[in-house]
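For the record, the sequence lines run as chains A and B.
The numbers in numbering that gives the first Met the number 0 rise by one with no breaks, and the one at position 123 of the first sequence is 122.
The numbers in numbering that gives the first Met the number 0 rise by one with no breaks, and the one at position 246 of the second sequence is 245.
Source of the hints: derived by calculation from the structure; they are not laboratory data.
Among the clues, some could well be false.
The list treats identical chains as interchangeable, and a pair is accepted whether it falls inside one copy or across any two copies.
Straight-line distance between alpha carbons at most 35 Å, and here's what the computed DSBU-like set of lysine-lysine pairs gives [stated by the list, open to error]: (1) Lys130 x Lys180; (2) Lys357 x Lys285; (3) Lys22 x Lys180; (4) Lys258 x Lys148; (5) Lys367 x Lys130; (6) Lys80 x Lys258; (7) Lys148 x Lys285; (8) Lys80 x Lys22; (9) Lys80 x Lys230; (10) Lys130 x Lys148; (11) Lys357 x Lys130; (12) Lys148 x Lys22; (13) Lys367 x Lys148; (14) Lys80 x Lys180; (15) Lys357 x Lys22; (16) Lys258 x Lys367; (17) Lys367 x Lys22; (18) Lys357 x Lys131; (19) Lys22 x Lys130; (20) Lys258 x Lys357; (21) Lys357 x Lys230; (22) Lys258 x Lys131; (23) Lys285 x Lys80.
Given next are the chains, with one letter for each unit.
Number of protein chains: 2
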Amino acid sequence: MRRFLNVIPVSEAITVIRGLAVKSVPENVPIEEALRRVLAGDVRSDVDIPGFTRSVVDGYAVRAADTVGSGESIPAILSLKGRVQMGAGTTESLAPGECIYVPTGGVLPGGADAMVMVEYTEAVGDEILVKKPVADGENIIRFNEDFSKGGIVLRQGRRLSAQDIGVLAAAGCTVVPVFRKPRVGIVSTGNELVPAGTTPGPGQVRDVNSYVVASFVRDRGCIPVPYGIVKDDRDTLRSALATAAGECDAVLVSGGSSKDDRDMVAAVIAENGEVLVHGIAIAPGKPAIIGRSGRVPVIGLPGHPASAFIVLGAIVRYLLQDMAGESGTVLVPVIEATLAENIPSTRGREDYIRVELKDGMATPLFGKSGLLNTLVRSTGIVRVPAGSEGLETGTRVEVILW
Amino acid sequence: MRRFLNVIPVSEAITVIRGLAVKSVPENVPIEEALRRVLAGDVRSDVDIPGFTRSVVDGYAVRAADTVGSGESIPAILSLKGRVQMGAGTTESLAPGECIYVPTGGVLPGGADAMVMVEYTEAVGDEILVKKPVADGENIIRFNEDFSKGGIVLRQGRRLSAQDIGVLAAAGCTVVPVFRKPRVGIVSTGNELVPAGTTPGPGQVRDVNSYVVASFVRDRGCIPVPYGIVKDDRDTLRSALATAAGECDAVLVSGGSSKDDRDMVAAVIAENGEVLVHGIAIAPGKPAIIGRSGRVPVIGLPGHPASAFIVLGAIVRYLLQDMAGESGTVLVPVIEATLAENIPSTRGREDYIRVELKDGMATPLFGKSGLLNTLVRSTGIVRVPAGSEGLETGTRVEVILW
Chain A
0 MRRFLNVIPV
10 SEAITVIRGL
20 AVKSVPENVP
30 IEEALRRVLA
40 GDVRSDVDIP
50 GFTRSVVDGY
60 AVRAADTVGS
70 GESIPAILSL
80 KGRVQMGAGT
90 TESLAPGECI
100 YVPTGGVLPG
110 GADAMVMVEY
120 TEAVGDEILV
130 KKPVADGENI
140 IRFNEDFSKG
150 GIVLRQGRRL
160 SAQDIGVLAA
170 AGCTVVPVFR
180 KPRVGIVSTG
190 NELVPAGTTP
200 GPGQVRDVNS
210 YVVASFVRDR
220 GCIPVPYGIV
230 KDDRDTLRSA
240 LATAAGECDA
250 VLVSGGSSKD
260 DRDMVAAVIA
270 ENGEVLVHGI
280 AIAPGKPAII
290 GRSGRVPVIG
300 LPGHPASAFI
310 VLGAIVRYLL
320 QDMAGESGTV
330 LVPVIEATLA
340 ENIPSTRGRE
350 DYIRVELKDG
360 MATPLFGKSG
370 LLNTLVRSTG
380 IVRVPAGSEG
390 LETGTRVEVI
400 LW
Chain B
0 MRRFLNVIPV
10 SEAITVIRGL
20 AVKSVPENVP
30 IEEALRRVLA
40 GDVRSDVDIP
50 GFTRSVVDGY
60 AVRAADTVGS
70 GESIPAILSL
80 KGRVQMGAGT
90 TESLAPGECI
100 YVPTGGVLPG
110 GADAMVMVEY
120 TEAVGDEILV
130 KKPVADGENI
140 IRFNEDFSKG
150 GIVLRQGRRL
160 SAQDIGVLAA
170 AGCTVVPVFR
180 KPRVGIVSTG
190 NELVPAGTTP
200 GPGQVRDVNS
210 YVVASFVRDR
220 GCIPVPYGIV
230 KDDRDTLRSA
240 LATAAGECDA
250 VLVSGGSSKD
260 DRDMVAAVIA
270 ENGEVLVHGI
280 AIAPGKPAII
290 GRSGRVPVIG
300 LPGHPASAFI
310 VLGAIVRYLL
320 QDMAGESGTV
330 LVPVIEATLA
340 ENIPSTRGRE
350 DYIRVELKDG
360 MATPLFGKSG
370 LLNTLVRSTG
380 IVRVPAGSEG
390 LETGTRVEVI
400 LW
């Protein structure tokens with residue numbers, strides 16, 4: 000039994016965990032349910048957008064050439080041919096010297112190539128005085144200037160935002176191909192654990208990890224599948240992991256807070272598969288395990304919720320993202336702030352320090368990493384890279400928001 | 000009919016819209032459904048956390064005084080009294096010169112006040128050689144050091160994150176008091192609009208706003224209630240708004256892209272209630288309306304999706320946040336970047352410019368604000384404050400992520 004883990008850098012752990020990811024299969028969902036889902040294919044528009052040259056202002060459709068040289072004192076005088084109705088086409092066509100009223104969003108008639116805003120005009124009977132010249136193309140959006148029929152509007156691998164959903168609607172994509180949400184099995188181990196609805200007896204603590212891990216997984220667009228609390232017993236654990244791996248796309252086992260228990264988790268994973276990583280140069284979170292059961296990734300998280308949470312955020316999120324089919328860089332939201340106190344660190348290890356953000360200052364919440372209260376008091380975390388010996392007061396840092 | 004709106008600053012619009020917010024009523028949900036909901040009351044722990052003084056390392060519980068002066072060459076020699084089992088209490092008590100093995104997370108026996116990590120010890124039969132002194136309290140978390148029984152763990156108004164859910168579990172709060180999700184009615188107006196599932200005819204465009212607004216509302220923890228497309232007809236709109244205001248906690252009407260239609264939306268709102276704001280110094284988004292029907296806020300959004308989206312993000316979000324019961328500052332996730340091109344702006348107006356983020360550089364996507372393609376190509380937006388005449392190339396800016 001090894002006392003010391005074979006610790007690898009965070010970047011290497013990320014490479015290993017991403018190597019285990021199997022992309023989820025596609026399914027179709029109605030557009031109303033597509034928000035925050037990941038596109039499983041490129042989406043093309045079934046129409047030209049816009050389908051006609053349209054005005055972006057209220058005013059008069061003109062031939063730009065007719066307005067050349069016009070001004071407040073020498074207006075161009077155009078003859079008004081009528082008005083375009085919203086939501087209808089127009090068969091009108093402008094001859095030189097003519098104009099037609101078009102509301103914002105309305106169709107430009109044939110012959111017109113620009114819009115004059117109503118503010119720069121004056122109506123005198125059937126004649127419109129134009130007091131400002133416009134250039135060809137001014138105040139209009141041309142036919143298919145936004146998207147062409149058959150052109151790709153959104154690409155596979157994109158997690159759909161609110162405005163993306165709008166573009167899908169514009170493109171006529173009301174049934175959306177998305178990747179199925181990965182199912183992630185969640186197991187908590189530990190003889191000391193009791194369910195949250197129970198009052199802990201002597202030496203017992205409530206199972207917090209099942210809830211934290213499930214919430215993290217749900218936040219990232221996966222479906223958490225809870226398998227409850229498993230006693231630190233080899234047979235029980237083996238059977239729980241086999242069930243979870245059989246029913247899910249990945250399994251997250253937390254606990255084994257003591258070395259013996261961690262070793263047992265690693266041993267059980269190895270029995271039915273392989274342990275690829277046992278020990279990561281990250282604090283807190285060092286004793287994390289990356290393994291697999293068949294093709295199903297099985298990840299061992301530290302027993303303490305605060306440590307488990309850091310490993311989830313720094314490493315496991317890449318697995319979930321790849322399984323969900325999300326491509327490209329997923330931006331991690333941060334707020335820049337000035338460090339209010341020194342953060343000491345150890346070279347060769349990525350340190351994640353909880354900080355409280357106030358008025359642009361980030362105050363480290365040192366205390367014991369085992370406490371939950373600093374987890375909820377903190378606004379986010381500051382990462383101290385492995386190559387650094389710490390950060391000094393006054394340094395500008397990026398606070399990774401929880 | 001006014002041609003020019005009575006335009007007010009963004010900050011004033013926010014004050015007005017927040018003044019209309021009525022906080023939602025509380026309901027109880029199981030902890031499994033509480034993620035991202037907003038706490039409707041303070042939550043107290045029903046137990047001390049931890050309920051016993053526990054070890055945070057694998058090693059030996061000791062009296063710290065017994066280890067004073069110990070070192071590699073002059074170890075303290077302690078007599079091993081046994082082992083504490085995980086998940087069980089202990090009635091053992093340490094006399095001077097004694098120690099007990101305690102795994103991580105285990106109960107400290109009476110008399111012990113610190114833990115020595117197993118790495119700094121050597122077992123010789125029933126004697127343990129301690130090669131490093133520990134201080135009183137080292138490597139332990141004391142009884143109720145994290146939270147006290149009856150103490151507040153999370154306060155009303157907090158939107159529950161993954162780690163918050165963990166703390167609720169630890170505190171025994173498995174049925175969680177949260178504010179009911181506000182119901183937000185969504186109406187799209189415009190004779191030119193057709194449903195997304197339809198192919199637009201001449202002069203018609205697909206209704207994009209219903210989808211964008213519903214997604215925005217859902218992203219902020221509210222329930223979108225769609226009322227479909229309403230023709231630009233006073234009676235139809237009056238009836239649709241009355242229905243929506245009767246069934247929802249707020250109503251968002253989009254469209255009226257032309258001045259006449261906007262004026263009609265404002266007129267109909269005024270008939271059954273009040274128009275408080277018509278025109279905001281924001282670009283795009285200027286013609287927005289803030290009004291009410293009885294106590295129900297009714298907000299008029301610009302007809303173009305891109306403009307509507309800016310008004311939602313800059314102003315309407317405060318209404319939704321207050322209705323949802325969320326208190327305190329809601330941090331807007333940003334990424335700092337260097338501006339790749341000048342952004343010209345007009346003093347007295349807040350400008351929101353879409354930018355594409357790449358390798359730390361933010362490139363403005365100018366083009367026409369009416370295009371959807373810049374909305375999906377952009378990573379986020381840069382805000383140019385009302386007091387500024389623009390931002391220069393090379394300026395460090397905060398990109399507000401979509």
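Cross-check of the supplied hints:
1. Lys130 x Lys180: Classified as neither; 59 Å inside a copy, 52 Å across copies.
2. Lys357 x Lys285: both (30 Å within a copy, 32 Å between copies)
3. Lys22 x Lys180: both (10 Å within a copy, 33 Å between copies)
4. Lys258 x Lys148: between (61 Å within a copy, 30 Å between copies)
5. Lys367 x Lys130: Close across copies (23 Å), not inside one copy (72 Å); limit 35 Å.
6. Lys80 x Lys258: between (86 Å within a copy, 20 Å between copies)
7. Lys148 x Lys285: Answer is between: at 31 Å across copies they meet the 35 Å cutoff, but 52 Å inside does not.
8. Lys80 x Lys22: Cα proximity of Lys80 and Lys22: none, with 59 Å in one copy and 53 Å across.
9. Lys80 x Lys230: Only across copies: Lys80 and Lys230 sit 26 Å apart there, 84 Å inside one copy, limit 35 Å.
10. Lys130 x Lys148: Neither. Shortest intra-copy (38 Å) and inter-copy (76 Å) distances fail the 35 Å Cα cut-off.
11. Lys357 x Lys130: neither (53 Å within a copy, 43 Å between copies)
12. Lys148 x Lys22: Within one copy, since 30 Å is at most 35 Å while 45 Å is not.
13. Lys367 x Lys148: between (59 Å within a copy, 20 Å between copies)
14. Lys80 x Lys180: So Lys80 and Lys180 fail the 35 Å test inside a copy (57 Å) and across (52 Å) alike.
15. Lys357 x Lys22: Only across copies: Lys357 and Lys22 sit 26 Å apart there, 40 Å inside one copy, limit 35 Å.
16. Lys258 x Lys367: within (19 Å within a copy, 61 Å between copies)
17. Lys367 x Lys22: This pair counts as neither: shortest intra-copy Cα distance 38 Å, inter-copy 37 Å.
18. Lys357 x Lys131: Answer is neither: 51 Å inside a copy and 39 Å across each miss the 35 Å cutoff.
19. Lys22 x Lys130: Intra 61 Å, inter 51 Å, cutoff 35 Å: neither.
20. Lys258 x Lys357: Neither: 38 Å inside a chain and 44 Å across chains, both beyond 35 Å.
21. Lys357 x Lys230: neither (42 Å within a copy, 48 Å between copies)
22. Lys258 x Lys131: For Lys258 and Lys131, only the inter-copy Cα distance (20 Å) is at most 35 Å; the intra-copy one is 80 Å.
23. Lys285 x Lys80: Result: close only across copies, 30 Å inter versus 77 Å intra.
Hints 1, 8, 10, 11, 14, 17, 18, 19, 20 and 21 from the list above are not met by this structure, while the remaining hints are.
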